[in-house]
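Protein chains in written order, with the working numbering: chain A, 1 to 309; chain B, 1001 to 1309.
Rather than coming from a laboratory, the hints here were simulated on the basis of the structure. Hints may contain errors.
[As the list claims (entries may be wrong)] When the alpha-carbon atoms are kept at most 27 Å apart in a straight line, the in silico DSS-like pairs for lysine-lysine are as follows:
#, chain 1, residue 1, chain 2, residue 2
1, B, Lys1165, A, Lys249
2, A, Lys277, B, Lys1132
3, A, Lys221, A, Lys132
4, B, Lys1165, A, Lys165
5, B, Lys1132, B, Lys1277
6, A, Lys221, B, Lys1221
7, B, Lys1132, A, Lys165
8, B, Lys1249, A, Lys249
9, B, Lys1249, A, Lys165
10, A, Lys132, B, Lys1221
11, B, Lys1132, B, Lys1221
12, B, Lys1249, A, Lys277
It should be emphasised that the depicted structure is a prediction, and the values quoted were computed from it without experimental measurement.
2 protein chains.
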Amino acid sequence: MTDQPLFFRLAVLGCGMIGASVMRAARQSGAVSEIVGYDADAGHRARVAELGIADRVAETAEAAVSGADLVILATPVLAMAEVAKAAAGALRPGATVSDVGSVKGQVAQALDEVLPRHVFLIPGHPIAGAEKSGPDAGSGELFHNRWTILTPQAREDQPYLDAVKRLADFWTALGANVETMDAEHHDLVLAVTSHLPHLIAYNIVGTAADMEAVTRSEVIKYSAGGFRDFTRIAASDPTMWRDVFLTNKEAVLEVLGRFTEDLQALSRAIRWGEGDKLHELFTRTRDIRRGVVDAGQDISAPNFGRGQH
Amino acid sequence: MTDQPLFFRLAVLGCGMIGASVMRAARQSGAVSEIVGYDADAGHRARVAELGIADRVAETAEAAVSGADLVILATPVLAMAEVAKAAAGALRPGATVSDVGSVKGQVAQALDEVLPRHVFLIPGHPIAGAEKSGPDAGSGELFHNRWTILTPQAREDQPYLDAVKRLADFWTALGANVETMDAEHHDLVLAVTSHLPHLIAYNIVGTAADMEAVTRSEVIKYSAGGFRDFTRIAASDPTMWRDVFLTNKEAVLEVLGRFTEDLQALSRAIRWGEGDKLHELFTRTRDIRRGVVDAGQDISAPNFGRGQH
């Protein structure tokens, strides 16, 4: 619990798993006094009201942001500019507008074009998630010990810097560690650590499903040999991930190109029976694992069984 | 506990994680009366003796199998023929010789060439594992609710069929579900569900480690976005996996070829901004996940955090 609320009214636009988690965590932490939720889907709005995770559910984006000093966009990234545009007229001067999207460059630019000059746009991305989606999948503990990356605009004025500081404090109150970097670097880092892994997982599950000589039931039955980890990742929300690949195209294709080159070399080593080359790579990759475990970034029990984005 | 031991003396050749798990599970289940361990590595032999998971540790493969009615080879697959050859002279008539290798076709053939005609060769593969290796990583519960695949030879004589039945009962006693299939089909199924996933995981971790613009510490720090699942798989034993790719070359290259074709199509869909195609694939892969969860093949808490082979 923080001693004083950091914001008076938080509006969350988009009440899927991440949006619902922001609402739950914000309430648990005491970081905000009041929470208003909005979702384009009437079913989600009704469910948020039933769950009682918002103080109020608004019927429009405009009504939701009215009077809010913190607005967090939590829709799939390609829907953000539209909802921001719909809300723009009701945003109060000095409000902080942020988001939780997995892509920052293209999204920040689109938001900048539709938002009024009198708000502070500070794009953000909490690196946490789950294969499950919808308001019911939200968790107040989702951000605990996870990293949230903020990608502030290139502004040096004190009010903006203060707003960045307050938003960082908000995420800290929700249990996250906060880092800042520029949007372009964020998109490259996430292309490596998140977007490519998801693309590969979707691809391998698709390939397995299409094998004629191996039935789907065999693929499922014997998935304990490694495959099931990929199925968990490949069960992530389709719309969210479609948007990620469409908006972070350049970085994803760059990283995918390198991956493909490396895979060709590996394929050749297998074809030619070059055991030493295989052994060398397989030994080198262990070091990275040690780093992940030492840094406490491995899946911990409460998040067990979840996918990520 | 079984009422009667199924075998009098079990010899386990190779006391790494899987071999040690076979010993622990065999003792816990009461499926065997006596357990003898052997490992080419003197350090492993000493550790097995200290742990007390075998009744006796032999100094040679020959001494280990002497008098045993069940011999299980649990070395990396390319070392199996050599240890089998070393033990061959001491194998008693009617003994069952099996293994735990992740590849069956080439391994079974190599074993068949060095083993005497008077033993029953029944290749096997328990689909369970962990990223950890060595005798200390062994667990008596490792095979619980996992599948063990047996790939019997094309023999119809009753003594051989009886031996297959008894070996299946042994694995059932250790907690596993048992399936039989031919070696070639096993190798294709496992290429899809285990070997390709490992190859891809090793490759993606290698690609990430070689990025100049993204530091290793960033890769580790932000690994919660999907990458860390790959690091766990890519921390599996290098020698074991080198041997898998060298001995199941044909099936792995076949499956890898399909994976690469699919990945090219996916890459093109991203480049051309074909959101519908991406969404269609990402939706389709969810069905497979449901199958994995419904079939109870998802990672369960006791095996949490482990890689597989």
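message = Run through the hints listed earlier and report the numbers of any the structure violates, in increasing order.
response = 1, 4, 5, 6, 7, 8, 9
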